[in-house]
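Kindly generate the complete structure, drawing on both the sequences and the hints.
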Amino acid sequence: MKTTIKFFSLLFMLVAFVGCSDDEDDTPDLDAVESSTASNIEAPQTGGAGTDEPEGGPFTKFSFETGAVTDSDTEWDIAFRGTTIAVNGGTVTGTDDEPERNGNAAVAIETGTFANITNADGLTFAQDADGSFAIPTGSDDGWYNYNSATFIASPIPGIVLVVRTHDGKYAKIEILSYYRDAPAEPNAFTDESRVYTFNYVYNPNEGETTLTTE
Amino acid sequence: MSLNKNNLVAFFLIFFCFSMKGQQAESKDSILVENLDEVVVTATRTIRQLSSLPLPVTLIPKKQLQRTGVTRLNEILYEQTGIVMTPDATIGGGEGVQIQGISSDYVLVLIDGVPVVGRSSGNLDLSRFAIGNIKQIEVVKGPSSSLFGSEALGGVINIITEKPTSDTITGQISHRTATFNNQNSNISLNQRANKIGYSIFADRLSTDGYDLASGDEGQTINPFFNYTFNGRVYHDTSDNLSIFGSGRYFFQEFDVPSGASEEKDANAHLRIDHKINKKAQFEYEVYFTNYNTNEQTIDSATGDILFENDFDQNLFRPEIRFNHNFQLQSTLTVGAGYNFENLTRSLFADKVTFDSQYAYAQYDFSPVEKFNVIVGARFDNHSVYNSQLSPKISARYQLTKHLALKGSVGSGFKAPDFRQLYLDFTNAAGGGYSVFGKEVEIAGIERLQENNEIATLQVNSTELGEALDAESSIGYNIGLGFAKGKLNADINFFRNDFKNLIDTRILASKTNGQNVFGYINRESVYTQGLELDLKYRLIENLNLSAGYQLLYAFDKDKKDAIENGEVFARDPETLQTFTLGQSDYFGLENRSRHTLNFKAFYEIPKWDANANLRVVYRSKFGLTDRNGNDLLDNFEDSFVDGYALVNLVFGKTFYKHYSLQLGVNNLLDFKGNNPLAAQDSEVLINPGIQLFTKLNIQF
Numbered sequence: 043m044k045t046t047i048k049f050f051s052l053l054f055m056l057v058a059f060v061g062c063s064d065d066e067d068d069t070p071d072l073d074a075v076e077s078s079t080a081s082n083i084e085a086p087q088t089g090g091a092g093t094d095e096p097e098g099g100p101f102t103k104f105s106f107e108t109g110a111v112t113d114s115d116t117e118w119d120i121a122f123r124g125t126t127i128a129v130n131g132g133t134v135t136g137t138d139d140e141p142e143r144n145g146n147a148a149v150a151i152e153t154g155t156f157a158n159i160t161n162a163d164g165l166t167f168a169q170d171a172d173g174s175f176a177i178p179t180g181s182d183d184g185w186y187n188y189n190s191a192t193f194i195a196s197p198i199p200g201i202v203l204v205v206r207t208h209d210g211k212y213a214k215i216e217i218l219s220y221y222r223d224a225p226a227e228p229n230a231f232t233d234e235s236r237v238y239t240f241n242y243v244y245n246p247n248e249g250e251t252t253l254t255t256e
Numbered sequence: 077m078s079l080n081k082n083n084l085v086a087f088f089l090i091f092f093c094f095s096m097k098g099q100q101a102e103s104k105d106s107i108l109v110e111n112l113d114e115v116v117v118t119a120t121r122t123i124r125q126l127s128s129l130p131l132p133v134t135l136i137p138k139k140q141l142q143r144t145g146v147t148r149l150n151e152i153l154y155e156q157t158g159i160v161m162t163p164d165a166t167i168g169g170g171e172g173v174q175i176q177g178i179s180s181d182y183v184l185v186l187i188d189g190v191p192v193v194g195r196s197s198g199n200l201d202l203s204r205f206a207i208g209n210i211k212q213i214e215v216v217k218g219p220s221s222s223l224f225g226s227e228a229l230g231g232v233i234n235i236i237t238e239k240p241t242s243d244t245i246t247g248q249i250s251h252r253t254a255t256f257n258n259q260n261s262n263i264s265l266n267q268r269a270n271k272i273g274y275s276i277f278a279d280r281l282s283t284d285g286y287d288l289a290s291g292d293e294g295q296t297i298n299p300f301f302n303y304t305f306n307g308r309v310y311h312d313t314s315d316n317l318s319i320f321g322s323g324r325y326f327f328q329e330f331d332v333p334s335g336a337s338e339e340k341d342a343n344a345h346l347r348i349d350h351k352i353n354k355k356a357q358f359e360y361e362v363y364f365t366n367y368n369t370n371e372q373t374i375d376s377a378t379g380d381i382l383f384e385n386d387f388d389q390n391l392f393r394p395e396i397r398f399n400h401n402f403q404l405q406s407t408l409t410v411g412a413g414y415n416f417e418n419l420t421r422s423l424f425a426d427k428v429t430f431d432s433q434y435a436y437a438q439y440d441f442s443p444v445e446k447f448n449v450i451v452g453a454r455f456d457n458h459s460v461y462n463s464q465l466s467p468k469i470s471a472r473y474q475l476t477k478h479l480a481l482k483g484s485v486g487s488g489f490k491a492p493d494f495r496q497l498y499l500d501f502t503n504a505a506g507g508g509y510s511v512f513g514k515e516v517e518i519a520g521i522e523r524l525q526e527n528n529e530i531a532t533l534q535v536n537s538t539e540l541g542e543a544l545d546a547e548s549s550i551g552y553n554i555g556l557g558f559a560k561g562k563l564n565a566d567i568n569f570f571r572n573d574f575k576n577l578i579d580t581r582i583l584a585s586k587t588n589g590q591n592v593f594g595y596i597n598r599e600s601v602y603t604q605g606l607e608l609d610l611k612y613r614l615i616e617n618l619n620l621s622a623g624y625q626l627l628y629a630f631d632k633d634k635k636d637a638i639e640n641g642e643v644f645a646r647d648p649e650t651l652q653t654f655t656l657g658q659s660d661y662f663g664l665e666n667r668s669r670h671t672l673n674f675k676a677f678y679e680i681p682k683w684d685a686n687a688n689l690r691v692v693y694r695s696k697f698g699l700t701d702r703n704g705n706d707l708l709d710n711f712e713d714s715f716v717d718g719y720a721l722v723n724l725v726f727g728k729t730f731y732k733h734y735s736l737q738l739g740v741n742n743l744l745d746f747k748g749n750n751p752l753a754a755q756d757s758e759v760l761i762n763p764g765i766q767l768f769t770k771l772n773i774q775f
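Line by line, the protein sequences give chains A and B. Plus 42 on top of the position in the first sequence (first one is 1) and you've got our numbering. Plus 76 on top of the position in the second sequence (first one is 1) and you've got our numbering.
In short, the hints are calculated from the structure, not lab data. Here a beta-carbon is modelled for each residue, glycine too, at the ideal position from N, C-alpha and C.
Stretch by stretch, here's where chain B covers chain A in the computed footprint (C-beta under 8 Å, at least three residues):
{"#": "1", "region": "133-146"}
{"#": "2", "region": "150-163"}
{"#": "3", "region": "180-188"}
{"#": "4", "region": "196-202"}
{"#": "5", "region": "215-224"}
Right under this line is the structure:
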């Protein structure tokens, strides 16, 4: 099964590659689409589950342009705190210590393999709003599944977050793990949680919706 | 270490060859090896010969209970074809019975025809039931709500007690001691003098328990003791009138590290059989049962009560039944009753009450020779959920002298339980999420909104409080029964379609980042497969039996989602996502594709001795989804490998009244490995080999 999948993905890449080279001449000068993995992005929170305190603490802000965590109050696209993910667009939802939304970021939650989500065109984007995050919080509702038998939060396979950045560019991300060093089988008692690893593809050309590197 | 599947298959083949050989040697027969006096009452609520029934029924006779030296209901059930005792997915939970792949929530348990109550998260703990004083256990497979109403979807287990027959006082006293300091003593006394008979039974069980996970604090099964008392009286007032009364009391206390855990279960049952004439009879029945638990978890450092869960459930049920025998062996059975139920629970806001009325009718007849048909239906009217009509039809046709065709179609339902309707629970220790039963969700949400605890409502507010439907199923069984000479064989194909299964969903998100959960009718699942049962008397005192079940159990909606390419899995090494195919879906949790059993019972009359060997095998099964796609697929480390349990018992009777048993349960010392165990620690599936000895004095 796995080999078949590998074979097909290879085949797909080959076809895509050949396909692209055809219209290479017509393409205007655009910056290359970037594909990368962000590893071990720490997203601590205070309070929340298991405590008497409300959820709080600063969000960890991430910029696709720099491909790194940022302290900037404006030049960020998405931000993480525990299992909660905010986008830099819309308004604060009302939880403690949220960053101000001053960009035009938004997110569309898509289903498919990472490779198969190839374009942001025509998708329905949502922004954070009073009382609700654009990426719903809670198990089996947004991006993760919490298993009460193993106490593990697993990213739902097939969920791809297509992001419009604060400055109108497009990216897609696939969260791989919520635990440090993305272990294949995380252990709730020994592996550190609230540590994100995700794949992303970023198109640095404003208004360009293509989300493949080929 | 454990028997692998291939060995077992070889084992069965050898056995089967023997059977064939034996069968050829046998030329004249026509007298069934199986007793014609094997009769059951659960299938039709009338006395019926087991072999003539059109639906699948398993009978566990008293002799099997005695020879195997078991003490509790759960210990004997898992040795029967198509019945599995499943461990709770979360280690430490109780065992649940599974019939035709249908879980314990949907199996009704009766004692002498009346239901026992007291389920924990839907599961009824069958180790509560001592089997020292019973005549036989009957298991009807497939839906039987047409006679028994709610909960009878997967099947009905009926524990039948024994009526005293002897003029003089008879009885037995026994003690059994086993591994883990498991001590079981019981005494029973029976007598029947003229018109009055009585039977008294007392049982005490205690054990040190055992631990399956060595790394953590505490034990998997904490030390406990329990007592069971049962008294029954029988009075044959006249030829036409007889009275039966029974009282049962069970008390159990667990020795938990900090806090308390107590369980009480009491039943009172009165039945009057009134014959009007040779053909017609009334039965008047009154039944009361109470189930009561008291659970407390105390912080050992501060002495504060961390969690309190008290549970007090009552059921009172008068019922009246009428039987009429017509010519040509046809019987009409009608009945009606009223259930008064209430529950007080610390996780509920108020005491809650259910009222339901029901009536049923069944006609058992033979339109032509060799053809038996049973049609029946039951109507249940309920104070809270929608009323239910449950029909069933079954038929049997004797094809040849030795071969019969059987089939049945029936429906079953399970009423939404108290928890699904009235739970009002906020788990402060577990993160602050809330769960509301359907009847209290509007009030619960409003209360949280007033306290500003709700961030957003995730469902349309008009959906709140919409009534839950009963969970329901339709079960199909079709099979062949063969009986010739020393061989009995039965094959049965089954399919059970479930709809409206109640699931939880998110109603709202809270400002603390947690969710509010409610209940909804959503899931549709099916189980299908086949059961094969063979019984063969190899030589005069050696009875062999073998059973096999093939099982497919799937969630229909999840199969559809896979079909639509909407389900994905992640390669655990590369973390790349790929689309899941239909063949990657393993099926529902805790279901083994194959289960096998083999039993040999041997009697040596000249030594007054006996021996038996029983082997039970179940193939691999999954415990829970671990890779986030909410179903069990072949790509996750969640599977318990297939294993076999082998039990061996020797018994000998001395001086007519004293019998001694020596036994080994789990002879191969299977321990297994729970895949959910934390890294670098080990959690077992089974505590391993257990020895026992039992002395029984009959008088």
